[in-house]
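Spelled out, the chains give:
6 protein chains.
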Amino acid sequence: MYTVSVRDHFMIAHSFSGEAFGPAQRLHGATYVVDLEFRRTDVDADGMVVDIGRATEALRTVLAGLNYRNLDEEPEFKGRNTTTEFLARAVFDRMVAVIGRGDLGAAARGVESLRVTLHESHVAAASFEGPVRL
Amino acid sequence: MYTVSVRDHFMIAHSFSGEAFGPAQRLHGATYVVDLEFRRTDVDADGMVVDIGRATEALRTVLAGLNYRNLDEEPEFKGRNTTTEFLARAVFDRMVAVIGRGDLGAAARGVESLRVTLHESHVAAASFEGPVRL
Amino acid sequence: MYTVSVRDHFMIAHSFSGEAFGPAQRLHGATYVVDLEFRRTDVDADGMVVDIGRATEALRTVLAGLNYRNLDEEPEFKGRNTTTEFLARAVFDRMVAVIGRGDLGAAARGVESLRVTLHESHVAAASFEGPVRL
Amino acid sequence: MYTVSVRDHFMIAHSFSGEAFGPAQRLHGATYVVDLEFRRTDVDADGMVVDIGRATEALRTVLAGLNYRNLDEEPEFKGRNTTTEFLARAVFDRMVAVIGRGDLGAAARGVESLRVTLHESHVAAASFEGPVRL
Amino acid sequence: MYTVSVRDHFMIAHSFSGEAFGPAQRLHGATYVVDLEFRRTDVDADGMVVDIGRATEALRTVLAGLNYRNLDEEPEFKGRNTTTEFLARAVFDRMVAVIGRGDLGAAARGVESLRVTLHESHVAAASFEGPVRL
Amino acid sequence: MYTVSVRDHFMIAHSFSGEAFGPAQRLHGATYVVDLEFRRTDVDADGMVVDIGRATEALRTVLAGLNYRNLDEEPEFKGRNTTTEFLARAVFDRMVAVIGRGDLGAAARGVESLRVTLHESHVAAASFEGPVRL
Chain A
1 MYTVSVRDHF
11 MIAHSFSGEA
21 FGPAQRLHGA
31 TYVVDLEFRR
41 TDVDADGMVV
51 DIGRATEALR
61 TVLAGLNYRN
71 LDEEPEFKGR
81 NTTTEFLARA
91 VFDRMVAVIG
101 RGDLGAAARG
111 VESLRVTLHE
121 SHVAAASFEG
131 PVRL
Chain B
1001 MYTVSVRDHF
1011 MIAHSFSGEA
1021 FGPAQRLHGA
1031 TYVVDLEFRR
1041 TDVDADGMVV
1051 DIGRATEALR
1061 TVLAGLNYRN
1071 LDEEPEFKGR
1081 NTTTEFLARA
1091 VFDRMVAVIG
1101 RGDLGAAARG
1111 VESLRVTLHE
1121 SHVAAASFEG
1131 PVRL
Chain C
2001 MYTVSVRDHF
2011 MIAHSFSGEA
2021 FGPAQRLHGA
2031 TYVVDLEFRR
2041 TDVDADGMVV
2051 DIGRATEALR
2061 TVLAGLNYRN
2071 LDEEPEFKGR
2081 NTTTEFLARA
2091 VFDRMVAVIG
2101 RGDLGAAARG
2111 VESLRVTLHE
2121 SHVAAASFEG
2131 PVRL
Chain D
3001 MYTVSVRDHF
3011 MIAHSFSGEA
3021 FGPAQRLHGA
3031 TYVVDLEFRR
3041 TDVDADGMVV
3051 DIGRATEALR
3061 TVLAGLNYRN
3071 LDEEPEFKGR
3081 NTTTEFLARA
3091 VFDRMVAVIG
3101 RGDLGAAARG
3111 VESLRVTLHE
3121 SHVAAASFEG
3131 PVRL
Chain E
4001 MYTVSVRDHF
4011 MIAHSFSGEA
4021 FGPAQRLHGA
4031 TYVVDLEFRR
4041 TDVDADGMVV
4051 DIGRATEALR
4061 TVLAGLNYRN
4071 LDEEPEFKGR
4081 NTTTEFLARA
4091 VFDRMVAVIG
4101 RGDLGAAARG
4111 VESLRVTLHE
4121 SHVAAASFEG
4131 PVRL
Chain F
5001 MYTVSVRDHF
5011 MIAHSFSGEA
5021 FGPAQRLHGA
5031 TYVVDLEFRR
5041 TDVDADGMVV
5051 DIGRATEALR
5061 TVLAGLNYRN
5071 LDEEPEFKGR
5081 NTTTEFLARA
5091 VFDRMVAVIG
5101 RGDLGAAARG
5111 VESLRVTLHE
5121 SHVAAASFEG
5131 PVRL
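Protein sequence lines correspond, in order, to chains A, B, C, D, E and F.
Just so you know, we're using our numbering here: the first sequence kicks off at 1 and counts up by one.
Just so you know, we're using our numbering here: the second sequence kicks off at 1001 and counts up by one.
Just so you know, we're using our numbering here: the third sequence kicks off at 2001 and counts up by one.
Just so you know, we're using our numbering here: the fourth sequence kicks off at 3001 and counts up by one.
Just so you know, we're using our numbering here: the fifth sequence kicks off at 4001 and counts up by one.
Just so you know, we're using our numbering here: the sixth sequence kicks off at 5001 and counts up by one.
The hints are all genuine.
Below 25 Å or equal to it, Euclidean Cα-Cα: the simulated SDA-like pairs (lysine to any residue) are:
#1 A:K78 with B:D1046
#2 C:K2078 with A:R26
#3 C:K2078 with C:D2093
Honestly, the hints are just simulated from the structure, not real lab data.
All figures in this text were calculated on a predicted structure; none of them were measured in a lab.
The following block holds chain A by itself, in its conformation from the complex (with noise of 0.2 Å):
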């Protein structure tokens, strides 16, 4: 099994609604350093698994959406605890969505699955990791 990786980071304000939270109820916010694991049995014809400056443009791409926002006032994540957990997710299924769209070009299709961490600080850091379909 290959894998590729890149790194990127975002940042974004937020608060948590429950208990379980703590002081986290309150508005504040994080940097994520995300890194994007592709993951296939083989490489392509060009002995890749995908092309890593194609891949970190496309990670660019998918945090230019979350960065620099509040994340409490996002139609999608209303209603929603924006755990790094779900970002993790959210940046998943985000990614899955730039490969379907033939973004990373057509030999990225053969990526089989993702892993996406988010390092919230220096102590600690949430993943989802799944398989790609397309």
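Position chains B, C, D, E and F against the provided structure of chain A, taking the given hints into account.
Leaving out everything else, chains B, C, D, E and F in the frame of chain A:
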């Protein structure tokens, strides 16, 4: 599959038995930086794998039982080589017990597997992973 | 010259005023990973620059005053752009006050200068350093 | 499942063939920081996955066969794009051969799988993982 | 004293002349992860040392002039050993020119000194620092 | 001012005397990841601050004199608290002696100052820096 991970560290003295260990047969020590990963297929009702704050506290509590000790003197480890692999397993077992006692909350009982990684330096690490059987 | 440094983090929401800030004029947020360095020409009678345990606690206490907050609503920062540079200075000033009050112990009054670095992502940081005037 | 990992690096020149590679078609180079993971279900009689000291030496020996070279001139890689993915596989294959020859000791023949990760920068990496078939 | 730092990287091929360089006399290459620090006594009217977004772009532009190249073929470096130290100085000189041309904005002309660090691996780095003389 | 830095590590056992040290009065241990920085105003005839290969070997040799030891039993440290600060100074003194003996080559005698940083965990470090007086 969702994962949440938290990081902490502990500092111990120990020595190893067996020629394979070379100079590490002498009494020496280590800082272990610990990454504890919790995994489950789906998040709980609050949108979490496990509460990061409680997970951090639980890890601190588990590591406090090892921290600032000479492991050669710990009855529990008598006659054992406390290799990094072995200690990763020891932390794993203790954390499963913590989840079983409900110390991470009822929802955390939905955690399906754990991975514990101990970094002994900037160039070496060991881990143990397995299912959580409560 | 001796230095001791400790690390912790805090998570806030804020927005900036001024065209120079582009999309960061919107309400967003950040995780700041903080490195706090204490410097002095010679160590104290115990062979320390400052007690690492007490320094860690003091940093946690100072950061707790900023953590999980919307800085736009903090009276102290009213009308100010809470840039990473600005916040590095704010943490510096609060830590000097902690040393002055003796919260780090009498010996810590021998600390001559501090440097506070805030990492806002894996690719950007800011710091403020200066003498400790008690 | 137990894992032990060790880290080292190598520095090479190379160029790529194919429009997909853009400016990387020019002769350039890279530092690859390599993480080599050994996995097995259970530890050996000494409580180890593999001896970390011997694993470190074995990795250094394998990387010495690639280090300080222009890969475009290496007969073994003639006509191949030595992408990060491709090189991760090359290191994997060489390490399996090392284990097969017994250079890591008899106990190391119990290693079941390897994962080799090459970090080409602070923001990009590739890996290859698979079973060890001796 | 305030500091702002940004990080990026570039990938080159080169070789060295002189017995002191051992195997590095062969054509090989490196990834350099670059930390660029801007320093000044006081922040500007916007509360900044330098705009982090513009600093990031300026660093990318400067590194693009070196990236994906064989430095042995660059007329500017003819007959020079492009050691990590030497390249840190080259990036420094180019960044001073960028500030002098006003590409970082008028306020950035208040930057008093720069430090450029090139990490050539996880275990070695070099830097050059000096005053900005416009 | 030019700087070159190299990294290695060592692993020791020790204990501390004095109430200030709390649980660290018990026999425990640490991994110290060491960053050794060499500084000089100008590079030598080969374009180097110091040969990175020889610097790496010299650091390994110095750390081998401390590695895998119980510092409480080392005659040289009898009656001293081997704090991280103290050990940073000890590595500094030994490295100055190495340079003085010419073990880093004649050119390395142009090194003007050193900084030695010991990272005892992912959240704490200490360093000592000073001029090289031969």
